[in-house]
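So the sequences go chain by chain: A and B.
Oh and the first sequence: position 204 is 204 in the numbering used here, straight run, nothing missing.
Oh and the second sequence: position 55 is 55 in the numbering used here, straight run, nothing missing.
These are computed hints drawn from the structure, not numbers from a lab.
Ideal placement from N, C-alpha and C gives every residue a C-beta, glycine not left out.
Do not rely on the hints blindly, as some may be mistaken.
[To be verified] FRET-style restraints, in silico, Cβ to Cβ:
{"no.": "1", "chain 1": "B", "residue 1": "Leu263", "chain 2": "A", "residue 2": "Asp65", "range": "43 to 51 Å"}
{"no.": "2", "chain 1": "B", "residue 1": "Glu258", "chain 2": "A", "residue 2": "Val197", "range": "39 to 47 Å"}
{"no.": "3", "chain 1": "B", "residue 1": "Ile32", "chain 2": "A", "residue 2": "Ile72", "range": "42 to 50 Å"}
{"no.": "4", "chain 1": "B", "residue 1": "Tyr265", "chain 2": "A", "residue 2": "Arg62", "range": "54 to 62 Å"}
{"no.": "5", "chain 1": "A", "residue 1": "Arg322", "chain 2": "B", "residue 2": "Ser116", "range": "57 to 65 Å"}
Spelled out, the chains give:
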Amino acid sequence: MSAKTASRTSEASWHYRELNMKNPGLDHLSNGLITLAEAGHPVVAGSADLKYSNGLNRFAERFPDRYFGFGIAEQNMVSAAAGLATTGLVPYVATFASFLGLLACEQIRMDVAYCALPVRLIGHHTGISMGFYGTSHHATEDIGTMRSIADLTIVSPADGPQLEAAIRASIDHDRPIYFRTGRGREPNVYDPKAEFVFGRAIEHAVGEELTIIACGLPVHPSIAVARKLASEGRSVGMLDMATVKPLDRDAVLAAAARSRVILTIEEHNILGGLGSAVAEILAEEGSPARLVRHGIKDEFALIAPPSHLYAHYELDEAGIERIAREIIGAG
Amino acid sequence: MRNDLRPSEAEIERLRERAQFVRLETIRLIEIAKTGHYSSVFSAAEIFAALYYDVMRLSDDPKWPDRDRFLMGKGHAAVGLFPILADKGYIPRDVLDGYTRLGNPLGDHPDMRKVSGVDFSSGSIGHALSNGLGMALGGRMQNRDFFTFVMLGDGEMQEGQVWEAATVAAHYGLSRLVAIVDRNGFQLDGRVDEMMGVEPLDEKWRAFGWDVHVVDGHDIAELTTLMRRIKADDTAGKPRCIIARTLKGKGVSYMEEEPGWHLGYLAPEDAEAARAEILSKVI
C-alpha cells in the first residue's frame, strides 16, 4: 500500500476506502457480478453503507446505474430488493451477516422467500470474523435463522474464489439465495473458474475413522488436518458442505456409512447450524456413526482479534487437529 | 398541475357505484370467512375504486410489464381488492367465492404467488413502501414509465421501515412512486392518536422530501382528480404522498368510528341491514 497523501507517510497506513486491499477475498463478489453484467444479465447490486467493506464499490464504479446505496437501513434494502426483482432484475444486496440474516430476517422471510423472488442476499463478515467489534457484529445464528425459512437456499463459501463461482452460477438458480461469507481474508481453497454446483458437497478426502464436514472458513484448515493425518497413515475424510441448504443428504449418508465418526465444523453456534442439519439426517436414517459437533458452543463469543478467537474456539488448524486426533485416538 | 382533469359526472357516478360494489362484496366474502376487516376496506373503498377503475394503467394481462402497480401496506384490506381482481378477470369467479376455504388462494392477506393480479404479497405491516420503492427504482432503471401506488394504513406510520423507505425514495427522486395514507384514525387497539400519535403527517412526509397532498378520501371526484393530476405530471422530482382523510367503517353507520369493528363478523340480519344502508346512500 503506498502513501498517497502528505499527512500519511508510512507504507503501513491505510484508510477505510482501501479496506478491499486488506480483504481481497471479497473482491470476488464484484468480480462475479461484473462477469454477469458484462454477459448481459440484468443484475443490480445494493449495499447498506458498506460498499468498501464488501468490495461492491468496484461493481458500482463499473456499472454506476446498476448500483443502489440504501443507507444504513438494512430492512428497507431487503424489501426494496424484492421490489426490484419483480421488475425483471436480479438484485444482489450485501451487508454484514449480523444485520442481514438477523436484523432483516423477517423481510427475507416475507418479501424474498415467501414471494419466491430471485433476490441474492450476501451476508459477509459472518461468524466471529468481526473479532473485537463484538457481539453486535458477530453472526453465529444466521444459518439457524435462514435455514428455517422455506424455499431459501443457503451457501457458505470457503473462500473468495468459491464465492465468485457461486455468484456466477447463481444467475441460473431459480430460488432466493443467502450467501454467508467471511471477511475476505480466508486462505484460498478453490479456483474462481471452477464450476459451482448448488446442493452438491465437495469431497476433498474419504476416510473410515472420521469424516470432517465443514463449511465456510473452517474448510481450509479441515482439509489441511485431513491431509496431515492421512500422511500419518490415518483414514480421515473431508467434505466441504458449501451448500448448507438444501443439504447434500446423499453425501452425508455416504460419509456416515463409511466413517465411524462424523465431525461437523462451523463458524456458527452448534445449535441450528450445519451440525444440527447433519444431526437431523443421521438421526432420521438411524446411522450408527457417532456425531461430534464443533463450533461456537451456544455462547456469545468473546471479543479479540479474529485470529485469536479462531485459536480460542479451536476453529483454526491447530484446534481442529487436536479435536480430530482426540476423536480417532491419534494423540 | 393541470386543472382540466376532473372526471365527468358519468364517470363520477360509475366510480361511486364501484366503491359501493367493493363494500357489498366485502360483506359477502366475510360472510364466508365469518370474520374479517370490514371497516378497513370501507375507509378505502373510494381509493380502490379510483385506482382500479380510473387512475391505474392496466391490461387484460396482469403481468404486463408496463402496468401500474398497486401494493397494500394494510394487507388486511385485501378482501376489498379480491372482488376487483375477479371483476377484471384476473381471478376466476369460483375462486373468489371460495374465499378463505381450505386450499383457496384468497386469504385475509394478499399472496402474489397464488393470486393473479396481486403485485406484491403483504401482511407484515411496514414493508410495502419498501417493496414499491424497489419497483419504482427498477422501472426507472429500465425506462419504463409505470406508476407504483402503495396504500398505507395510518397506524402503519408507526413502523420504522416506512420512514427508511421514505428517506430512500426521496433520495432517488422517484416521482412515479405514490404513497396513499388511508388516514381513517383507527388501529386495532383504538384511536391512532391515543395509541401512538402520528401527526403531523403532512409535515412529516414533506420533511422527508415528498410532494404531499391532503384530500377527502371519500370524495371520489376530488380523489380521482388529484391522482390524475399526479399521473399527468411526473416531473416533480419527488415521490408523492396522498393523505386521504377517511372514516373507518364509512358507509355503515354503526361501524363508523367504532374501533371494535376493525375485525369482526356480521350475522346475516346485520349484514342485510348493512347492505341496505350501503345501497341507500350516495357517498
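Index of numbered hints that the structure contradicts, given in increasing order: The structure breaks only hint 2.
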